[in-house]
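Student: Full structure from sequences and hints, please.
Protein chains: 2
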Amino acid sequence: MSFTLEKSYDIFMIPNSNERDTSSDRNKRISNIVIESFSNGGNQMNNEYGAEKQLLEAILLRYEYMERSGNFFPQTTEAFIKNNFVFESQKCYKSKVDMDTSYNPPEPSQDHWMLNTPLPKYDKIFVLTREEGVFRILNESGKYIKELDTYFLSKAKYLKDYEKMVGIVSDGPLKSLCYRRLSYLQNKFQLYLLRNEQRELHEQKSIRHRDFYNIRKVDTHIHAASSMNQKHLLRFIKRKMKTENDTVVLEKDGKKITMGETFKSLNIEPYDLNVDILDVHAYKNAFHRLDKFNHKYNPIGQSTLRQIFINTDNYVEGKYFAEILKEVFKELEESKYQHIEPRLSIYGHKKNEWSKLAKWAIKHDVWSTNSKFLIQIPRLYDIYKEKKYISNFDQLLDNIFTPLFEVTNNPSSDPDLFRFLLQITGIDSVDDESKHEYIQFDKFTPSPKDYTDAENPSYTYYMYYLYSNIAMLNAFRRLRNLNTLSFRLHSGETGHPHHLIDSFLTAESICHGLLLRKLPVLQYLFYLTKIGISMSPLANNSLLIPYHRNPLPEFLMKGLNVSLSTDDPLQFHLTKEALMEEYSIAVQVWKLSPTDMCELALNSVRQSGFEDKIKYYWLGSNFKNEGALGNDISRTNVPDIRIAFRYETLVDELSHIFKIYKK
Amino acid sequence: MSFTLEKSYDIFMIPNSNERDTSSDRNKRISNIVIESFSNGGNQMNNEYGAEKQLLEAILLRYEYMERSGNFFPQTTEAFIKNNFVFESQKCYKSKVDMDTSYNPPEPSQDHWMLNTPLPKYDKIFVLTREEGVFRILNESGKYIKELDTYFLSKAKYLKDYEKMVGIVSDGPLKSLCYRRLSYLQNKFQLYLLRNEQRELHEQKSIRHRDFYNIRKVDTHIHAASSMNQKHLLRFIKRKMKTENDTVVLEKDGKKITMGETFKSLNIEPYDLNVDILDVHAYKNAFHRLDKFNHKYNPIGQSTLRQIFINTDNYVEGKYFAEILKEVFKELEESKYQHIEPRLSIYGHKKNEWSKLAKWAIKHDVWSTNSKFLIQIPRLYDIYKEKKYISNFDQLLDNIFTPLFEVTNNPSSDPDLFRFLLQITGIDSVDDESKHEYIQFDKFTPSPKDYTDAENPSYTYYMYYLYSNIAMLNAFRRLRNLNTLSFRLHSGETGHPHHLIDSFLTAESICHGLLLRKLPVLQYLFYLTKIGISMSPLANNSLLIPYHRNPLPEFLMKGLNVSLSTDDPLQFHLTKEALMEEYSIAVQVWKLSPTDMCELALNSVRQSGFEDKIKYYWLGSNFKNEGALGNDISRTNVPDIRIAFRYETLVDELSHIFKIYKK
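Sequence lines, in order, name chains A and B.
Numbering of the first sequence is given in the numbering used here, commencing with residue 32 and proceeding in unit increments.
Numbering of the second sequence is given in the numbering used here, commencing with residue 32 and proceeding in unit increments.
Among the hints, erroneous ones may be present.
The list treats identical chains as one, so a pair stands whether inside a single copy or across any two.
[What the hints assert, rightly or not] 27 Å max Cα-Cα, derived DSSO-like pairs, lysine-lysine: (1) 361 / 644; (2) 419 / 480; (3) 269 / 287; (4) 295 / 236; (5) 466 / 622; (6) 188 / 206; (7) 381 / 480; (8) 236 / 269; (9) 323 / 236; (10) 273 / 367; (11) 418 / 191; (12) 236 / 219.
FYI, nobody ran anything at the bench for these hints, they're computed from the structure.
Tutor: Here's what the structure looks like:
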């Protein structure tokens, strides 16, 4: 694997910065650098290339896991793995000719729930079975279907891989090496910036019409229940108090209670209500109090009001929640360029949750061109167990996954759910990561059916069972020619940093990832495999880490695939434009340049679950290409030199590691 | 002067924190504290009460200057000076009975420019004369009018007072003392907060309807030319390019140039334009480059476009600038609770500037219930001199002040200007403070007529001539029963910290005041005399000091009279709601509580130039009272305990200092 690096940006390289070097010189130089790095940092290395081997092992593991679940893995890294990497000169972007320059948006579907499209009829209806908590698919004769069963992941294999990753992440010399590589990446970027900042600005200015305001931005991490700001929710509740005073909104002990009676029992008149009383905003007293923070979802501290207004499953059949969400969507559609990926909850304590949620969405037509739903699954086994909703962990998994497999097997079993799932792009796993984990996951941990402990199982336990089922579900849906789900989890916000090992193996992208700053090896691996990190510095600022100490700007400099998101506008934002507010603060506090802003926005679009045909329209026809060739500045407003720099830097790093590959 | 302090808030005081102390005990205790402070900090003190004497002298000077100009001086401090201070118990606020609770806004005037009201006719028309750059007013027999002439301030007196202030501000022991008092204030506040934060929240929640969103906020420092955000200006220019392509917008060398021709010469089509090309936003490359920053006012770097779009005096008679300003006003009126005090420029290089500006405002009806104009005067003598607009400093003063005095003397001499002035609330002095001052102001500095140097005179020179003329003008306008002008200057943003001495003497309130952090004595004096400080941390962040190092939160804790303002939304803000964006960032980065936010907003209303009848409606009928008695939480949303704490703390400090007064 050899290539000539034609630099389109300006940077001093050591040595002979300004001379183009031949590829053989170059390879020699790269080897020198790497060996030098290793000999400095790796004095306890077993053999000469121990560090590369470990990094390679980790990359290959990630590749295997992404192949299994069918989630995103970067082209460039994949090419190195497949040993067919061909360097494409980043200089030729000036003569890109195959760019589709039509700016026509894809035809919006009039029937986005496909209610008028007949359900598919499948020849084969398979036999579904669950073994040790994981779905398996059998043919009529009761045998595993080979083409699907290759996607099965056993608990033993996961534990082995996890253990290997713990070893890699904790290896002292490797930590030193990765820390040094990351510092190198950061310094290289700063050097690049000092020499090319004006050129970047110039490239941006030379593009007609496009600027930060009219490039696409996706809020990659936002909870549906808190996607409106506090003033919006306040106005909505006030309006409903006035117009629907006599609507029955609750049933308690067989007694029907109206909106008016509810507020009367709280002693509140519409005029009285204000955001102070509503009390959903997180001020400084939420710092390091994720427990307290969750109460902030209850308006006026009343879970009743949360139940009435921000819930899909209640006496009014989620009418109000649908209405306010649609108001949020309307504002986004008016803004045109702002998009969101809100999370709706599936708890897993009842089996009809999916079905109800699907009916709710379709009945109220909760849909927008500017939004794509994900499903969040809270890790609350212990609470359901205590409340006797479920008696073991297997029931939770059963409630969550059985409806999905059944409807994939036989669409007519629940047509609404079938149609709803076509609009869902991913699964998120959420909860307070800082809670102590009493039960570790190892070979002695009971299997789901036998897991009847009062304590919650560990993060890793959840991840294995979620991932392995999703991988199988995706394989099944691919077979059925249906959309698949991305596994995009909350990880590394707080708690044990090793949660990030789970997400390195299983997640397409993560929310938060703050704790990557404590794990240099994993941080470097996230870089090499371009795992999306959706960061919410305002949320972090309220809960965990002061704004100016947030690692986002450092991650961005190093070239990690970070995007900006709001998490909970209800709790954290003051203006009507939560995402713009999030960008504004980041730009100001960290002094980001217009190119930085546009790069963050570009990352957010790439990380998002919007369809390829939409991304084609938003980013340009070559958007799947990872270098400057894939960048259409007239749509992204990111200068080609920035993209070229990122691409070539990644290729450089990968070359160091892959030089021993198949040696 | 003795009083009983009845605490309405909860704080440990040393000693006997929880017992109410008798007034005699208290006085003894206060004396102990003060003497102790002095004996620690003041080992070079001439006599026992040297520090108090110096502080007293400074306060009395400030009082004298504010009396002269008729600008705001706080009631409480004044009462100490007049030796008639009576402590009003802050506890009785629960039984405030004389509060006017009507929420009716004052009748909006249909004829705000009073075009249908005949001009006043005065019996006496005075003889106006200018002596050494300062206006004097004579009767027909050529004698000074005694009642006005007491307001005259001579250059010698100003220099003497300034010098005395330099001595006080630079006194080492006094610096230590004030530094310690300020630290004490900050710590006392933190102690107060730790014990009362929940009570504050409770008080806020107990108030119906009112919250941060529906309390009044004034953007106390914003330049009219940059009061729209970049996206707004972009849209406006694009619209005009499309709809007024053939409108003549310029005349160059006798040739008339249309809008279309202007943009053609720049090679720009309406569709092409974006915010990157517009290039008015200040990114990190403006840091410590106030010179560069001023160029950011020129869209696309073209002063021609600034001339066309954001200027009151051009070929289209300021039509476009009026239009876009009215769009800004409209948005504010829709927001209802957000107000601004934009600055319009008078340069002083032509005598008809005032007249033209007045005609512009009235012709285009540039007026809003949500806005009050101030006039900013740039300190650009050197540029006008170089361009030969003027030949000495006196001509600048003549151009600025003569129209004002003449129209006050005889309204019919310029009816538009007369009516325009009724709507103006103050004068601001602006420019880059960091420019080196080649010419100091001392007794040898030439008087204005003889000042023909190529260099700009010093800040102090400007301040003396502006202040002394404004003081005389205000006296004259009071005599005529007309509105007077506040002197509210840019001061202490950068450059020599001693600019703050000028503003301590002459200004009602200041913009920026960052450098107060370098002058503890002056900072303490600003506290004692409650001088308004309008701070713009986002602007500072771009130009001078990183956000998280801004002194605003420290000033707020100590109890200085600070407000939040945007300075230049065109350059610094991204969302449509610049002021809310400014608050949002402050709240997030500094973790301000809802009470802090509301206190900042309250300060902004108090500092603003809106009429008393408006403030009566906004803040409550007792708003002139400075303690909790003057606070109507149902309108301000600031808890009484916070106001009581601020008030009692100030009374405490003043008691320390005034105990030697008239001894």
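Student: Against this structure, judge whether each hint is valid.
Tutor: Hint-by-hint comparison with the structure:
1. 361 / 644: The answer is within: 22 Å in one copy meets 27 Å, while 40 Å across copies does not.
2. 419 / 480: within (15 Å within a copy, 92 Å between copies)
3. 269 / 287: within (21 Å within a copy, 57 Å between copies)
4. 295 / 236: Classified as between; 17 Å across copies, 59 Å inside a copy.
5. 466 / 622: This pair counts as between: shortest inter-copy Cα distance 25 Å, intra-copy 35 Å.
6. 188 / 206: within (25 Å within a copy, 70 Å between copies)
7. 381 / 480: The answer is within: 16 Å in one copy meets 27 Å, while 89 Å across copies does not.
8. 236 / 269: between (46 Å within a copy, 16 Å between copies)
9. 323 / 236: between (47 Å within a copy, 18 Å between copies)
10. 273 / 367: Between copies only: 22 Å across, 31 Å inside.
11. 418 / 191: neither (34 Å within a copy, 80 Å between copies)
12. 236 / 219: within (25 Å within a copy, 52 Å between copies)
Taken one by one, the earlier hints fail for this structure only at number 11.
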